[in-house]
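Visitor: Listed below are the residues making up each chain.
Protein chains: 2
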Amino acid sequence: MKAIILAENDFEDLELFYPFYRLREEGIQVFVASSQKELRGKRGYTIKSDMDYHEVNPEDFDILIIPGGKSPERVRLKEEALRIVRHFFEKNKLVAIICHGVQVLISAGVVKNRKIACWYGVKDDLIAAGGEFVDGVAVDGNLVSARHPGDLAEWMKKFIELMHSL
Amino acid sequence: MKAIILAENDFEDLELFYPFYRLREEGIQVFVASSQKELRGKRGYTIKSDMDYHEVNPEDFDILIIPGGKSPERVRLKEEALRIVRHFFEKNKLVAIICHGVQVLISAGVVKNRKIACWYGVKDDLIAAGGEFVDGVAVDGNLVSARHPGDLAEWMKKFIELMHSL
Numbered sequence: 001m002k003a004i005i006l007a008e009n010d011f012e013d014l015e016l017f018y019p020f021y022r023l024r025e026e027g028i029q030v031f032v033a034s035s036q037k038e039l040r041g042k043r044g045y046t047i048k049s050d051m052d053y054h055e056v057n058p059e060d061f062d063i064l065i066i067p068g069g070k071s072p073e074r075v076r077l078k079e080e081a082l083r084i085v086r087h088f089f090e091k092n093k094l095v096a097i098i099c100h101g102v103q104v105l106i107s108a109g110v111v112k113n114r115k116i117a118c119w120y121g122v123k124d125d126l127i128a129a130g131g132e133f134v135d136g137v138a139v140d141g142n143l144v145s146a147r148h149p150g151d152l153a154e155w156m157k158k159f160i161e162l163m164h165s166l
Numbered sequence: 001m002k003a004i005i006l007a008e009n010d011f012e013d014l015e016l017f018y019p020f021y022r023l024r025e026e027g028i029q030v031f032v033a034s035s036q037k038e039l040r041g042k043r044g045y046t047i048k049s050d051m052d053y054h055e056v057n058p059e060d061f062d063i064l065i066i067p068g069g070k071s072p073e074r075v076r077l078k079e080e081a082l083r084i085v086r087h088f089f090e091k092n093k094l095v096a097i098i099c100h101g102v103q104v105l106i107s108a109g110v111v112k113n114r115k116i117a118c119w120y121g122v123k124d125d126l127i128a129a130g131g132e133f134v135d136g137v138a139v140d141g142n143l144v145s146a147r148h149p150g151d152l153a154e155w156m157k158k159f160i161e162l163m164h165s166l
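Taken in order, these protein sequences are the chains called R and X.
Just so you know, the working numbering puts 17 at position 17 of the first sequence, and the rest follows in order with no gaps.
Just so you know, the working numbering puts 159 at position 159 of the second sequence, and the rest follows in order with no gaps.
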C-alpha cells in the first residue's frame, strides 16, 4: 500500500511525523507531496518532499494524510492538492486528517454531512461548511479525524484498525 | 502494562513522543519520571512528568524507555535514575533506548557484551564500556535500541513484536 501526505511549511511536526513513521511500521510506503522541495515544521523538523501536487496520480495511492499546523492554510490554496483530496472522497479511499487539516477538506468541498474532529479554532468553519463537529477522534466511513497531538495514539489506532478491517 | 520514560530537558522530541503515543496505542499506561516537573524538548515540545526518580518503584513497571537528545547526559547524573535502569536489566525486563539514550546505560554499568545501536557520536563510549555497536536497530534479549529518529518505525515495530512474543 501507498500513502500520500499533503503538507507545506509550518506543519505541526508531530502530526506529520507520527503517521509518517506509524504507517511505515505497517509496511506502507509513505510519500510527501508539497510545493516545497523541503518543508520545515513549526518546531523546526524538516522533511524532503517526494513530488509536487501536479505530479501526483492519486490512483497510485491508497491512503491520504493531512497533518495540521499552519500547513493546511497553504495546501488549501493549491488547486492541484484539492484535486487529490476530491479523488480520495469520490473513490471512498482511506483518509486521516488532524487539527487544521480540516481546512483542506472544506476547500475541497467534501465536509458536508460528515462527522469530523478538528482543532477547536476552526470548528465553526467546519460547521458553516455543513459538517458536524466531533469533540474527540471521529470515524465516519473511511475518514478518521482528530483534534490535536494529544489524540495521536487514538487517531492512528482507529485508523489502522479501520485499514485492516477493509 | 506500565511503561516508564526517563527524561530531562532537551530530550529529542520525536524520540520521546513517538514511543509515548505508540505504547498508548497498545493500551499501555505510559509515565514520565524526571527531576523536572515539566520538561522541554530540544524542539520546544513540553510534557509534564508524573514523578521524580526516587518516587519510582521499578517493580511497578514492565517497560523502560530512554529517549535521546541532551536529556541522557542529565539523566545519567541521577543515581536514583540509574537504580531504575539496573532493576530492569537485573530482572531482564523490556527496555527500549534510542540515540544518546545509551549514555544512561553506560553509567548504569549494563552495556558490557551487549549488542546496542546508538547515535554515532557516542558509539566509541559504548565500545569503551564493553558494548558492541550495531549500525541499525538492534535487538539483544529484551533490549531494543536504535540510532536516531529515522529508525523510529523499525525501533517500535521490533519492540512491540518482542513485547507481544513474551
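Hints are supplied without guarantee of correctness; some may be wrong.
Repeated chains share a single entry, so a pair holds when one copy, or any two copies, can fit it.
Said to hold, decoys possible - Okay, derived cross-link-like pairs now, EDC-like style, lysine to aspartate or glutamate, Cα gap no bigger than 20 Å in a straight line:
1) Lys-78 x Glu-161
2) Lys-48 x Asp-151
3) Lys-158 x Glu-26
4) Lys-37 x Glu-90
In short, the hints are calculated from the structure, not lab data.
Visitor: Now, for every hint given, state plainly whether the structure supports it.
Guide: Against the structure, the hints come out as follows:
1. Taking the shortest alpha-carbon separations for Lys-78 and Glu-161, neither the intra-copy value of 31 Å nor the inter-copy value of 41 Å comes in at or below 20 Å.
2. For the homomeric pair Lys-48 and Asp-151, the shortest alpha-carbon distance between copies (17 Å) is at most 20 Å, but the shortest distance inside one copy (25 Å) is not.
3. In this homomeric assembly, Lys-158 and Glu-26 come within 20 Å of each other (Cα to Cα) both inside a single copy, at 14 Å, and across copies, at 12 Å.
4. For the homomeric pair Lys-37 and Glu-90, neither the shortest alpha-carbon distance inside one copy (28 Å) nor that between copies (48 Å) is at most 20 Å.
Checked against the numbered hints given earlier, the structure breaks hints 1, 4 and satisfies all the rest.
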